Amino acid sequence: MNKPGFWILLLLLLAGVLGLSLFVGRYPAPYWMPPARLATDPLAQRLVFALRLPRLLTACLLGMSLAASGTVLQMIFRNPLVEPGFLGISQGAAFGAAFSIIFLGASAVTIQASAALFACLGLAFSYFLARRIRYGGWVLRLVLAGIAVSALFSSGVGILKYLADPLTQLPDIVFWMLGGLWGITWQKLGTVVPLAIPALVILLLMRWRLNLLSLQDETAFSLGTQPARERTVLLVAAVAATAAVISVAGVVGWVGLIVPHLARRLFGADAQRALPASLLIGAIFVILCDDLARTLLPGEIPLGILTSLLGALLFIVLMVRKAPERLR
Amino acid sequence: MKPIITLADLQFGYDTCPVLEGFTLELPAGAVTAILGPNGAGKTTLLHLIVGLLTPRRGQILLDGRPRLAYTRREMGRLVGLVPQDEYIPFDFSVLEYVLLGRAPYLELLETPSQADREAARKALAAVGALPLSERAVTTLSGGERQLVTVARALAQEPRILLLDEPTSHLDLGNQGRILQIMRTLAAQGVTIIFTTHDPGLAAAVAGYVVLMRAGRVLAAGVNGTALTAERLTATYGVPVDVLDVEGRRVVLLREAVGSEK
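The listed protein sequences derive, respectively, from chains P and W.
The first sequence begins at 1 in our numbering and counts up one residue at a time.
The second sequence begins at 1 in our numbering and counts up one residue at a time.
Note that these hints are calculated values from the structure, not bench results.
From a predicted model like this one, the values you see are computed outputs, not experimental measurements.
There's no promise every hint is true.
[Said to hold, decoys possible] Derived pair list, reagent style SDA-like, types lysine to any residue, alpha-carbon separation capped at 20 Å:
no., chain 1, residue 1, chain 2, residue 2
1, P, 3, W, 61
2, W, 2, W, 61
3, P, 3, W, 92
4, P, 3, W, 135
5, P, 3, W, 94
6, P, 3, W, 2
[What the hints assert, rightly or not] Derived contacts from chain W toward chain P, CB cut-off under 8 Å, selection only:
no., residue
7, 51
8, 76
9, 81
10, 94
11, 104
12, 109
13, 157
14, 238
15, 240
16, 242
All residues carry an ideal CB built from backbone N, CA and C; glycine is no exception.
Chain P with its partners taken away, still in its complex shape:
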C-alpha cells in the first residue's frame, strides 16, 4: 500500500519550493527578497511575475519532462542507465541549436525550432536505422542505432564549433550546450506547454502498462500486449516532452538518469508510483538547481553544470548507500 503521507509531503514540498523560489534571487539584494516588497516595488512585481514565475514553471516542466522521459526510457529499454540523451535526441538538439546559431541567426525562436526539429530527426534517424540493422533484438538495435546517430551528431557539433566565429558564435553554442533558463519568458513557456503537457499526460495514463513493457519481449507479448507498437507510443511521448523542454533550456544532463533512480529507491519499481514520484522529484530538483544557478554568483551559472554536479554526487551517494526500506 501507498503511504499517502509521503505523496502529500512531496506535493507540499514542490509547492513550497515553487513559492519560496519566487523570492530567491539577486534583487534587491543577493539571495532573498522580502515578500512584502512586492506590494510597494513595481520593479519587484515585474521581476517576479514577468521573469521569475515563467522561469520557475519552465524549470518545473523541465524537471518533470526529463525525469519522466528517463523513467520511461529506462523501463522500455530494460536498462537503468539510459537517459533522454539516448537515441540521438540530445545530440540532435545540440546540433540543431549550433546549426541555427551559425547559419540561421541566433534568434531564440529559430534556435528553439531548429533544436526541436533536429531532436526529432535524431530519434527518427535512430529509429529507421534500427529497423535496417539485421541482427539482435529490437532494444539492442535501437541502442546501437542511437549510439551511432549520437556520434554522428556530436561530430557534426564539433565541425560547427570549428566553423563558428570564436568571438560571437562559439560562446553562444557552448552556453546553449551547458543548458540554462535565463531567457525564459511567458511566450517561451507557451511554446513548451502544448507539447510537454499532453506528452506527460500520456505517459502518466500508461504508467501501469509501462511495467508490462519493461518485461522481456516474449513475456510482454504473451501477456497480450503489442510490445513494439506500445513502446513506440511511449517513446514518441517521452521524446516529445524532452524535445519541447530542451529546445528552450539547452542540454541539461543527469536529471533523467538520477531522478528515476531516486524515485524507485523511495517508492519501489512499480511505475504506478515510480513515475509520478519521478515527476515531482524531478521538478523539485531542477527548481532548486536553478535557484542556485541564478543566485549563487553575480553572473548566472549554467544550469546544466549544476544538475550534472549535484546529480553525479547524488548518484555516488545512492550507489554506495544500502537501499533503505521502501515507502510503500
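Position chain W relative to chain P; hints supplied.
The following block gives chain W in isolation, referenced to the frame of chain P:
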C-alpha cells in the same frame, strides 16, 4: 483425444536457415506434454509459434479449433501463458506487483489492476506455494523461487494452455519436484501443459504425452509409454540410450553410463 493445438505442415526459418519443415502435430487437451529433442531441434521456436511471437512461412496453427490469427492479442493472452527460459527482470518489482502483470489480458489499455485482479494474483501465488514471498523484491529471489514466481505470473493469466520452456533446467532436485507437482496439479484442473526439456527421464516421469523432435521435424509423438522407447530416443539424440523399467517406473540412461556401471 481432442486436440487443443493443431499444427499442420508448418514451415519456419530464420533468413535462409530452415528451423521447422513440414511440421505436423496434434496436442491433446488437458494433458502434460513433454517436447524432447537435441539442442537446436526447434523446441523453443515451436513454443514461440504457438504463442504467436513468430509467424510460420507456410502451414496452419489451430488453437482450440480456431486459426491462431483469428484471436485478438488480448484473447491470446487469456488462452496461452508462457514461462520463458530464464526470465530476466531488471527492476525490483515486488513479487505481487510482478505476478499482477499476468492480469494484463483482462485489462484495457489504460486500466489498472483492481482488487479482484489482486486476489487472482494472490491465488496464483498460492497455487505455486509462493504466497509468503509476496512482498519480497523479485531481484532478491533464488533461482528456484524465481521460477515459481514466473509460473505464478503465467497462472495469473488463467490460461487454458500453459507453455513452459525448460522449466526445470537450472533447478535443484527439490525445486524440480515442486515444478513437476505444480504441472500435474494444473493438468488435473484441466490446463493443458506443454513443456520442453532436455531430460528424457523427467519426461518419462511426468508427461502423459511425448513429442520427440529432431532437426525441425517430428520423429515420434504419442502417449508416454509407447512413444518413449530406447530406439526412438537413440534416433533423437544420436547416441545409444536405454530405457529401463525400475519397479514400474521408466528410467532413461545413456548406454555408456550403463556400461561403465557393470
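Hint-by-hint comparison with the structure:
1. 3(P) with 61(W): 49 Å, violated
2. 2(W) with 61(W): 15 Å, holds
3. 3(P) with 92(W): With Cα atoms ~19 Å apart, residue 3(P) and residue 92(W) stay inside 20 Å; holds.
4. 3(P) with 135(W): 15 Å, holds
5. 3(P) with 94(W): 16 Å, holds
6. 3(P) with 2(W): Violated, because 52 Å separates the two Cα atoms, which is more than 20 Å.
7. 51: Nearest chain P Cβ about 5 Å off; hint holds.
8. 76: With a minimum Cβ separation of about 6 Å from chain P (threshold 8 Å), the hint on residue 76(W) holds.
9. 81: 7 Å, holds
10. 94: Holds, about 7 Å.
11. 104: 4 Å, holds
12. 109: 7 Å, holds
13. 157: It holds, given that the least Cβ distance between residue 157(W) and chain P is near 7 Å, below 8 Å.
14. 238: 29 Å, violated
15. 240: At about 35 Å, which exceeds the 8 Å cut-off, the nearest Cβ of chain P leaves the hint on residue 240(W) violated.
16. 242: Status violated, d = 36 Å.
Going down the numbered hints, you'll see the structure goes against 1, 6, 14, 15, 16, while the others check out.
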